[in-house]
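Could you put the whole structure together from the sequences, leaning on the hints where they help?
Sequence lines, in order, name chains H and P. The working numbering numbers the first residue of the first sequence as 6 and each following residue consecutively. The working numbering numbers the first residue of the second sequence as 620 and each following residue consecutively.
A couple of the hints might just be wrong.
Covered stretches of chain H (in silico footprint by chain P; criterion: 3 or more residues with CB under 8 Å from a CB of chain P, positions within the stretch not fixed) [claimed, not checked]: (1) 77-89; (2) 93-99; (3) 102-108.
These are computed hints drawn from the structure, not numbers from a lab. Glycine included, each C-beta is placed from N, C-alpha and C at the ideal position.
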Amino acid sequence: TQLLEQSPQFLSIQEGENLTVYCNSSSVFSSLQWYRQEPGEGPVLLVTVVTGGEVKKLKRLTFQFGDARKDSSLHITAAQPGDTGLYLCAGPRPGTYKYIFGTGTRLKVLA
Amino acid sequence: DAGVTQSPTHLIKTRGQQVTLRCSPKSGHDTVSWYQQALGQGPQFIFQYYEEEERQRGNFPDRFSGHQFPNYSSELNVNALLLGDSALYLCASSFIAGDINEQFFGPGTRLTVL
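Take a look at the structure:
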């Protein structure tokens, strides 16, 4: 079973629309990271959330960590074609140094 | 300040051969992790090196081994290559402090096994 489940798996939207990506787990994480990855390149770190209930903003991107630190969300306002890519949540498996990734959300923003 | 670097960029091998991939961490980072990413999948954790020792290992066979040098750079070795080893191999460096475990990734090495 996948420890970090993301939804939706695929998302195709028009430029200017809003969207939310979810990252859920049945386990408590000490921290979660969000990455964006372009084809053939390494993931790029967008944000780290640590405290339950924490909200962080990065321009048009808003990240939230659930109160119980079992889930997180990424909200994009007024999506642009440059937001196209694979969005991954990730974090250290509880009690280990093993770093695990979510199932991924592939976003395509059409001009 | 250079980020994480990996070499080579691309590599083509045949089944049964051995391969060595290299990684230099971001300045100030002491921990290196390796990941395998198959096409259309998320990265899968292979192992993590800290203080020149393998500190944590994922679900990969012993054909996958590694090394960390005193300057924190690292190598990933894969023996007896299989077709299924074709993937993007990612190296990430980090400086783990408390609950913060941010991984900074290199551009990856694309390995093709024929």
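Indices of hints not satisfied (ascending): 1
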